[in-house]
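A.B. asks: Chain residues, written in single-letter form:
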Amino acid sequence: MTLLDFARGIGMEIALSIFALGVLWRLFSLLLLPWSKERSVKRADAPSSLVAGTQGFFRHMWPAQTSASMFVTINGYVFHIGLAIVVFGFAQHILFIKGLFGLTWPGIPSTFINIVAVITLASLVAALVRRISNPVTRLLSGFNDYFSWTVTALPVLTGLLAVGHYIEPYETILALHILSVELLLIWFPFGKLMHAFLVFLTRSETGIFYSRRGVDI
Amino acid sequence: MAEHETVGELLARRGITRRALLKYTAYLASVMALAPSASKVMAQALSETRRQSVIWLSFQECTGCTESLTRSFSPTLEDLIFDLISLDYHETLQAVSGAAAEEARLAAMEENKGKYVVVVDGSVSTKDGGVYSTNAGKTNLEVLKETAADALAVISVGTCAAFGGIPHANPNPTGAVAVSDIIKDKPIINIPGCPPIAEAIAGTVGYLVTFGSIPELDDKGRPKSFFGDSIHDRCYRRPFYDRGLFAKSFDDEGARKGWCLYEVGCKGPVTYNACATLKWNGGVSFPIQSGHGCLGCSEPNFWDKGSFYRALPADTGVNGGVVAGAAVAGAAVGAASAWMARRRKERAIEEAKS
Ligand code: SF4
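In the order they appear, the protein sequences are chains A and B. As numbered in my numbering, residues 1 to 217 make up the first sequence, in order. As numbered in my numbering, residues 1 to 354 make up the second sequence, in order.
Read the hints as simulated data drawn from the structure, not as lab findings. No residue lacks a Cβ here, since even glycine has one placed at the ideal position from N, Cα and C. Certain hints may be false.
Computed far set for chain B versus chain A, every beta-carbon distance over 10 Å [what the hints assert, rightly or not]: (1) I16; (2) A95; (3) S230; (4) H232; (5) D242; (6) R243; (7) E263; (8) Q289; (9) G325; (10) G334; (11) R342.
If you want a taste of the chain A side facing chain B, the calculated C-beta under 7 Å gives, among others [as the list claims (entries may be wrong)]: (12) G9; (13) L16; (14) W35; (15) A84; (16) I85; (17) V87.
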């Protein structure tokens with residue numbers, strides 16, 4: 001069995017299984033926890049939880065107006081949107097998803113995808129440099145942050161190397177690309193990447209919490 | 001046939017001119033990407049050497065490899081290979097049979113000890129002592145070991161001999177293996193393909209005969225001159241791949257326009273062979289040119305890498321049941337841990353009350 005055979009076969013099965021197990025484990029264990037009772041009295045003009053949660057979620061999509069957080073926000077949008085375009089727009093990735101779920105849609109021209117992937121990688125590097133160079137974020141960062149960054153950046157890097165045939169033989173770099181995605185899938189539920197699911201809960205919950213207390217955010 | 005005559009003498013006797021030999025060596029030099037000056041050296045060397053003794057063993061195979069080399073309907077350059085070698089044993093091509101054939105093999109081995117080349121097509125059965133493929137009362141395994149013992153080199157022709165091929169495919173009932181799994185102490189050249197390209201067989205044998213040495217090989221034992229580039233590297237549909245223009249089925253507009261066959265399963269990007277440059281049937285066409293994706297037949301285990309029609313990025317068969325089972329297990333573990341947290345909380349409240 002070659003590395004590519006492993007990556008496309010049993011490796012993918014293991015990674016997807018751990019991903020599914022981990023994500024559902026974390027979601028179920030969190031959502032079925034007992035909710036603590038709100039002991040404060042709700043303000044008279046406070047909106048319903050649904051409205052407050054939605055408002056809170058959208059309000060947090062844009063930061064307070066300081067130049068540092070502006071960079072973090074814009075850069076964050078760049079690599080999040082970039083990742084989405086590359087993952088869901090590249091014809092080869094659509095074939096992968098089609099293979100798994102049978103779903104398909106038209107791809108985006110590969111030249112455009114390549115440009116987006118380069119920008120995404122640059123943006124990820126910028127995020128890392130900002131994290132390391134800023135004393136506060138450096139102090140707050142630990143293994144989880146750096147490893148989550150690594151498993152996100154690796155598939156972009158290996159993908160670019162594979163598409164450009166920069167490393168020969170091609171099957172090796174293709175295998176490494178798939179393996180890097182599998183590493184991401186395995187780490188996803190257990191590290192900070194889980195925010196992709198939890199961000200909806202955490203931001204809405206914060207919105208409800210603040211609105212109940214009349215905190216202007 | 002004069003046993004000790006040189007290739008030059010034989011060609012002269014057959015009426016083949018030096019010009020034809022030069023044409024052949026120029027052709028060999030070009031397909032093997034040798035320097036143009038090599039053709040003259042090759043022609044000179046060839047005409048002065050004795051014909052190379054070759055013992056061709058056919059094991060678990062379909063004869064497609066021999067067909068590939070001999071299929072020509074008119075004399076071609078590849079046919080000249082049969083003038084360069086003394087084919088002392090070939091079950092399909094030899095006239096003799098039975099004990100006489102086996103004697104010819106043993107005699108050739110004795111006479112050319114340490115100098116003959118063994119060509120093998122077909123995989124070697126090893127299960128139950130190799131009884132699933134025998135010839136003249138001997139298993140292929142025995143014959144291979146016996147014949148290779150005093151050989152100069154072994155050439156594994158076709159994917160079955162090189163990598164086990166179709167007999168080796170899951171569930172491999174005969175315990176089929178590649179020649180290189182059995183023979184460890186001789187130089188082995190692999191010329192895989194199902195079948196291999198005639199020029200690759202002729203070119204490699206020609207090189208061996210001319211230079212008396214093994215051509216440069218890749219990590220899978222294949223001559224780099226024929227297996228150095230992937231099909232995708234040399235495919236004329238590559239511009240469509242680069243522009244993201246793919247046929248979605250074998251009869252859609254993209255297919256009719258000759259777009260890339262990646263989405264309908266082409267394995268060209270991970271297959272190393274010379275089909276895209278040398279092509280088949282005297283350079284007429286090759287599978288991709290005929291509208292079908294590359295199957296990857298010159299790579300190990302090409303038969304067991306998922307469907308030929310499944311695109312390369314797609315998995316080779318993730319078991320949905322296993323993933324669904326993992327998801328259910330995750331949900332159950334999550335629910336159980338939440339339930340335990342609830343229980344802990346309830347107990348803490350009760351303890352606080354009491
Ligand atoms: S048809 Fe196959 S080998 Fe040719 S460019 Fe497309 S993927 Fe590559």
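A.B. asks: Hint by hint, note whether the structure agrees.
C.D. replies: Hints and how they fare:
With 10 Å as the threshold on Cβ separation, the claim that I16 (chain B) sits away from chain A holds: the shortest Cβ distance comes to roughly 41 Å. Residue placement check: A95 (chain B) keeps its beta carbon more than 10 Å from all beta carbons of chain A (closest about 43 Å). Listed as outside the interface, S230 (chain B) is inconsistent with that label: its C-beta sits roughly 6 Å from the nearest C-beta of chain A, within the 10 Å cut-off. Listed as outside the interface, H232 (chain B) is inconsistent with that label: its C-beta sits roughly 7 Å from the nearest C-beta of chain A, within the 10 Å cut-off.
The Cβ of D242 (chain B) does not lie farther than 10 Å from every Cβ of chain A; its closest approach is about 7 Å, which violates its non-interface assignment. With a closest Cβ-Cβ approach of about 7 Å to chain A, R243 (chain B) is found to fall inside the 10 Å limit, against its non-interface label. A cut-off of 10 Å between C-beta atoms contradicts the statement that E263 (chain B) is not in contact with chain A; the least separation is 6 Å. Even its closest Cβ contact with chain A, about 21 Å, leaves Q289 (chain B) beyond 10 Å, as expected for a residue assigned away from the interface.
The Cβ of G325 (chain B) does not lie farther than 10 Å from every Cβ of chain A; its closest approach is about 8 Å, which violates its non-interface assignment. With a closest Cβ-Cβ approach of about 3 Å to chain A, G334 (chain B) is found to fall inside the 10 Å limit, against its non-interface label. The claim that R342 (chain B) is not at the interface with chain A is violated, since a C-beta of that chain comes within 10 Å of its own (minimum 5 Å). Contact between G9 (chain A) and chain B, as hinted, is supported at the beta carbon level, the nearest pair being about 4 Å apart and thus within 7 Å.
Nearest Cβ of chain B to the Cβ of L16 (chain A): about 5 Å, under the 7 Å cut. The hint holds. At about 11 Å, the closest approach between the beta carbon of W35 (chain A) and any beta carbon in chain B exceeds 7 Å, and the interface hint on this residue is violated. For A84 (chain A), the shortest C-beta to C-beta distance to chain B is roughly 18 Å, which exceeds 7 Å, and the interface hint is violated. Annotation: interface hint on I85 (chain A) violated; nearest CB of chain B at approximately 14 Å, more than 7 Å.
The closest approach between the C-beta of V87 (chain A) and any C-beta of chain B is roughly 12 Å, which is over the 7 Å cut-off, so the hint fails.
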